[in-house]
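Visitor: Sequence:
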Amino acid sequence: MSDFTHFDEDGNAVMVDVSHKSKTERQAVATGKITMTAECYEAIVEGGIMKGDVLGTARLAGIMAVKQTASLIPLCHIIPVEKASIDFEMDGTNHVITACCTVKTTDKTGVEMEAIMGATVALLTIYDMCKAVDKGMTIGEVCLLEKTGGKSGTYRRVMP
Numbered sequence: 001m002s003d004f005t006h007f008d009e010d011g012n013a014v015m016v017d018v019s020h021k022s023k024t025e026r027q028a029v030a031t032g033k034i035t036m037t038a039e040c041y042e043a044i045v046e047g048g049i050m051k052g053d054v055l056g057t058a059r060l061a062g063i064m065a066v067k068q069t070a071s072l073i074p075l076c077h078i079i080p081v082e083k084a085s086i087d088f089e090m091d092g093t094n095h096v097i098t099a100c101c102t103v104k105t106t107d108k109t110g111v112e113m114e115a116i117m118g119a120t121v122a123l124l125t126i127y128d129m130c131k132a133v134d135k136g137m138t139i140g141e142v143c144l145l146e147k148t149g150g151k152s153g154t155y156r157r158v159m160p
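Heads up, the sequence shown is in my numbering, so the first residue is 1 and it goes up one at a time.
Mimicking SDA-like on lysine to any residue, the simulated pairs with C-alpha atoms at most 20 Å apart in a straight line are:
# : residue 1 : residue 2
1 : K104      : T120
2 : K131      : A61
3 : K104      : V142
Label-pair distances were calculated between CB atoms; the ranges are:
#  : residue 1 : residue 2 : range
4  : G136      : G48       : 12 to 20 Å
5  : V18       : R157      : 19 to 27 Å
6  : D87       : D128      : 18 to 26 Å
7  : T37       : E89       : 15 to 23 Å
8  : E25       : A132      : 37 to 45 Å
9  : N12       : Q68       : 23 to 31 Å
10 : G136      : V45       : 14 to 22 Å
11 : E146      : N94       : 20 to 28 Å
12 : I73       : K23       : 19 to 27 Å
13 : T93       : M15       : 41 to 49 Å
14 : K151      : M90       : 35 to 43 Å
Simulated from the structure, these hints should not be mistaken for lab results.
We put the CB at the ideal spot given by N, CA and C, even for glycine.
Please work from the sequences and hints to get the whole structure.
Guide: Next up, the structure:
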């Protein structure tokens with residue numbers, strides 16, 4: 001179990017002790033996609049979703065989710081978030097919206113979970129606001145793209 005830091009020697013779940021670590025700049029970027037029908041995609045782009053501004057609401061929901069990560073993931077540390085942003089990439093050909101969440105802090109542990117949470121909740125919000133038009137939307141490909149800082153250094157996902 002040596003690779004799993006969230007377990008003690010008896011196999012009990014524990015929060016990792018970061019008291020001995022130094023505060024360093026840390027950043028994480030996560031992404032995910034939502035695929036939908038052409039009708040739904042066009043309604044979002046043209047502002048035709050009855051619930052309102054889909055991407056603006058999804059952006060705010062993602063940022064709010066970043067700040068609540070420690071409340072939802074049991075062993076996450078409460079981290080002072082210094083930056084949280086959600087950007088969207090639109091693919092009209094395939095009717096896909098990609099959410100990209102960037103989170104920064106200067107602390108003793110990283111913000112990977114916060115970035116993944118932000119991207120995921122942004123996508124869930126798009127689904128919630130658009131389900132009257134397309135219940136068959138698919139959320140997927142949620143992953144960590146990059147993280148910097150801390151003892152383990154830089155990680156960059158190799159995309160196929």
